[in-house]
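Q: Next come the chains, spelled out residue by residue.
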Amino acid sequence: MLRKLLWLMPFVLIVAGIGLLTAGGGASRPQYLIGDLQGDWGFPSPFGHNPRGPGYLRVSFLFDTLIWKNDRGFVPALARTWEYQKSPPAYVFHLRPGVTWHDGQPLTAQDVAFTVEYFKKHPHPWVDLRPVKQAEVIDPQTVRLVLSQPYAPFLEEIAGTMFILPRHIWQQVEDPRRFHAPQATVGSGPYKLAEYRREHGLYRFEAFEHYYQGKPAVPEISFVQVGNGLVALKGKAVQAADVPPEAVKELRGQGFTVLVQPHFFCLKLLFNHRKFPQQDLAFRRALAHALNLPELVDQTLRGHGQPGSPGLLPPDSPWYQAPKTTYPYDPAAASRLLTSLGYQRTPQGWAKDGQVLELELLSGPLYARAAEYLKQAFQESGLTVRLRQVDHSILDQRVKNQQFDLALSGHGGLGGDPRIIYDMTLGPLAAEFLGGYQPSPALARLLTDQLHTLDEARRRRLVAQVQEQLAQEIPSLPLYYPTWYLGHDGRIPWFFTKGGIAKGIPVYFNKMALLSAPAPASSP
Amino acid sequence: MFQKKLLIGDRGGNFSRFGAARRYPLVFLGAILLAAILILALAGPWLYPYDPWEYVGKPLEPPSLAHPLGTNDVGQDLLAELIYGTRTSLEIGLAVGLIGVLLSLLLSLSSVLKGGLWGFSVMRLVDAWLTIPPLLLVLLIVAFVPPRVPVLILALSLFSWAGGTRILRSQGLEIKGELYVEAARAMGASVPYLARRHFLPGLYPLIILSFLVQTRRAILLESSLAFLGLADPQHKSWGVMIQYGMKFMALGDYWVWWLLPPALALGLTLVSLALIGFGLESRFEPTLRS
Amino acid sequence: MSRVLGYLFVLIFILGLNFALPRLLPGDPLTALVGEQDLILTPEFRQELRQRYGLDQPLSQQFVHYLDNLLHGDLGYSFYHQAPVLTVIGPALLWTTLLCGVSFLLSTGLGVWLGVELALQRTRSWAATAVGFCLVFESLPGFLVGMALLLVFSLKLGLFPFFGALEVVPRVSRPVAFGLGVLWHLILPTVTLVLAELPSVALLVRASMLKVLRAPFVLAARARGLGEARIKYRYQARNALLPLITRLGLRFGLLWAVAVPVEVVFAYPGAGQLLFQALLKRDYPLIQGLLLVSILAVLAGNALAEWGYRLADPRVRSQA
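Protein chains in written order, with the working numbering: chain A, 1 to 524; chain B, 1 to 290; chain C, 1 to 320.
Chain A on its own, in the form it takes in the complex (with noise of 0.2 Å):
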């Protein structure tokens, strides 16, 4: 009898347990929680997250910069108006009144002053501070940041990419990165932080009841690792995730709301330049007419994607202009150009001098289907592939040291400022992402330009040319524009910020969304 009940006991716990719980949860606010496959990103703090764009994104709910994006462009954060000054080039900021950090000490352009200099002297990996060459606090409302020379992307980049930090907290601060007391996270921003579980991926934050904005219209927002997207929304775990495409159908019939995310993510077909016959135009020219690019989407992808675009930037970029030069499906023309390089068609493959051309064609774990692709379409046209996969970060290193032939790369950014366009062709980092590629002068000159021309109709005009040269070289072949969807409850009306957050984050968590009023309308 007595051992009957024993056995009893574990379940009469568990149900007045589910019981307590659910009595318990209805008494609290109402949550809203956002699912993440990743989970961690960083310690919320400007220095402490990671650098890449979900960090940046998290700390965005806690701090404010001078400038911010909404659906249609620029509107106000804490400057309230700003102009620009041409000589010597000069931004100056005009600061809200009254604007208090969660601590409740008020912020002046003391902090702003600070900040530029902070971030001077402690380089962050989201915000280039070498354009400015100085801030100068003109009044406790009013900053001037003074450039070396006219530099177009400053709003985007730099004014409304860096998070103003308090003086009074972070002045203090030697060693920022590892900086992780509850007061690194005090900013200006709608929310603070209420909780922080790095296992779980949890970010609570609560409303700021004093924020300059007026009190966020939802009181609590939290990000949480789940195992599965679907899985998590579905089940009314998580009322916003990632979904896979085949689900949207499903979802939209159950009530959810399912936003594209624009194509801001970009496969590309690297080559070495170092390489013969990769560095002949020609060659990969040929190569770019022998990939049917609408069937790899739709092989691979499951057709939900853009074929790529020679030039680069992807039909959802502010900045799009659709190249004249095009590489359509023609294996025709594929041979004709194989052939104008000498190479004469056998039965083993395209052979020059008796020697069988061969390829090996660096993969990561993430495009092996792709791979797999284009392995068997370098085929059909006679084209000999070897495949090899390899971790991500040895191929990255492999593609640096310029060890490979062909290699399967990808990045996002591209809804940004073009001055990712720079930096992949002639800053630091066109190693990896170019191969080695030398531009042409006219390429280099054009990037040049257009990052120091600020009349936006004759920048927009010489980014057109950008990509028309890009499309003619093809220093990369860009492949598809994988599409992602978002699947949320519809209770938030999240949209998709111009040209992605802050300096390009392709994502529709703009904490604008959470705010009860709009936000005025936006300065020159």
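Misleading hints may appear alongside valid ones.
To be verified - Have a look at the derived ranges for each label pair, beta carbon to beta carbon:
#1 I39/B / N239/C: 43 to 49 Å
#2 G132/C / L260/B: 43 to 49 Å
#3 R196/B / P347/A: 52 to 58 Å
#4 G132/C / L42/B: 47 to 53 Å
#5 H72/C / E54/B: 52 to 58 Å
#6 L59/C / P140/A: 32 to 38 Å
#7 V260/A / L102/B: 53 to 59 Å
#8 I12/C / R196/B: 33 to 39 Å
The set of hints was computed from the structure by calculation and includes no laboratory data.
C-beta atoms are modelled at their ideal positions from N, C-alpha and C, and glycine is treated no differently.
Using the hints provided, position chains B and C relative to the given structure of chain A.
A: Chains B and C in isolation, oriented as in the chain A frame:
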């Protein structure tokens, strides 16, 4: 001559084929299952027309006459993946089992026959080695050394010799104590002769048992590794199928033909090996399970 | 003493392996220390790292440096998490310890009880089926069982959560709710692990009980007129348990290993899930640190269990 101990579970006597089947139902059942899976692995690629690497259909097709298990997320036939995955797992498992048994035999026999410091240190090594959790160390290795099939076989073999060595050695010691062995040694029999004539026959059942156990553990480890993403990308594997299938678990009924078949295949293979092992074991002696 | 030497050998082997493996990676050894964040580092920072880790020094010096770091609790720095490895591992290890601890206790306790009953009632019909079930579950991988449970109870029936170890409710709730939330999240992973471990415990206990059943001392106890329950537990079970106790340490180690894929299935934020994520991102310092800590913990557990066994078993004690 065997060491035969009459114990619970020993049904001795008649060894006719059907008599044996009736007397060892577990072994019989396990053997049937294993045979079925072996046939699938060996004959499958010839009988079934599709290559698992080819894009033979549209992605995520449900089962049909053309594709009995449908297609995966890029249009490859799932049944073909299952068949080739069977080959991979069995290849690796059997290879590791074989290597393990050979190594155990070598080490145990040498430890028993040579004795002395060598025997002693082998046993200490075995005891210490058995304390290492295999999955964790293999994970450590394949995190750094890319998991190609030969690497997997080698890494898994690292943990397949210790258990067998201990069992074989203890049985070997018993055989050594037998009068006829002492006599043979007194008459100057060489080590290989002793090994062949006297020890091996007595060790056969344990060798087979050990082989089964190690093969089973190797298949289990290999599929766990594959599930965690550490598999040879050029070979299809059950664990990888299960991992991909999990991603689509919440999507309608995909899990029925994507997740269930490899899970069943894996489960049945392991269970069949366990059944045969258990049946053979209860025939000989429970305490041998050490 | 020889056992201690054995453990020492294993320890040195593992430490050596842990040290050598990253350096076997092709290319820049810095990759092993930094993982996938390679792209983000500036050349100056890279040089600083090189100096800090002493990559220019001879290998033997590096090894000494490495051992020294370990003794000070420095397991390396995870650039992905922007924190020392030990800090990242800490909370995850706690959750895994909770999960494995509870599962271990339950599977051992229930397993012993089941094994004893199976042996004593071996003639009943249910015993054969139960042994069959035990065989099946013993050979099934833990993650398959876990997936089945997740599919049925979480997905289809919606009774249990899909991820996490606790309920993400606003802090206003009471600590009781917190505890119950933890329990709720713990149930399915625990059941999975128990189903993975219990069968082997039961079968082992059953096997050794069968040997003990007819032992002379039992006959003597019966002759003295002792009650059945007393005989069952104080005499038979206690002796039958010895083989189980010798393997306690081993069992715990195996449980830890099985917990890795199971945590992944349930997205339970323990050391297993952390390891899986670290493997995906090739966060080498974290992978190394985690595996080292796990293996060492298991070794320590084994050593403790063995020492405990020597204390407990008077026969061994008298020999020593």
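Q: Tell me the hint numbers this structure goes against, listed in increasing order.
A: 2, 4, 6
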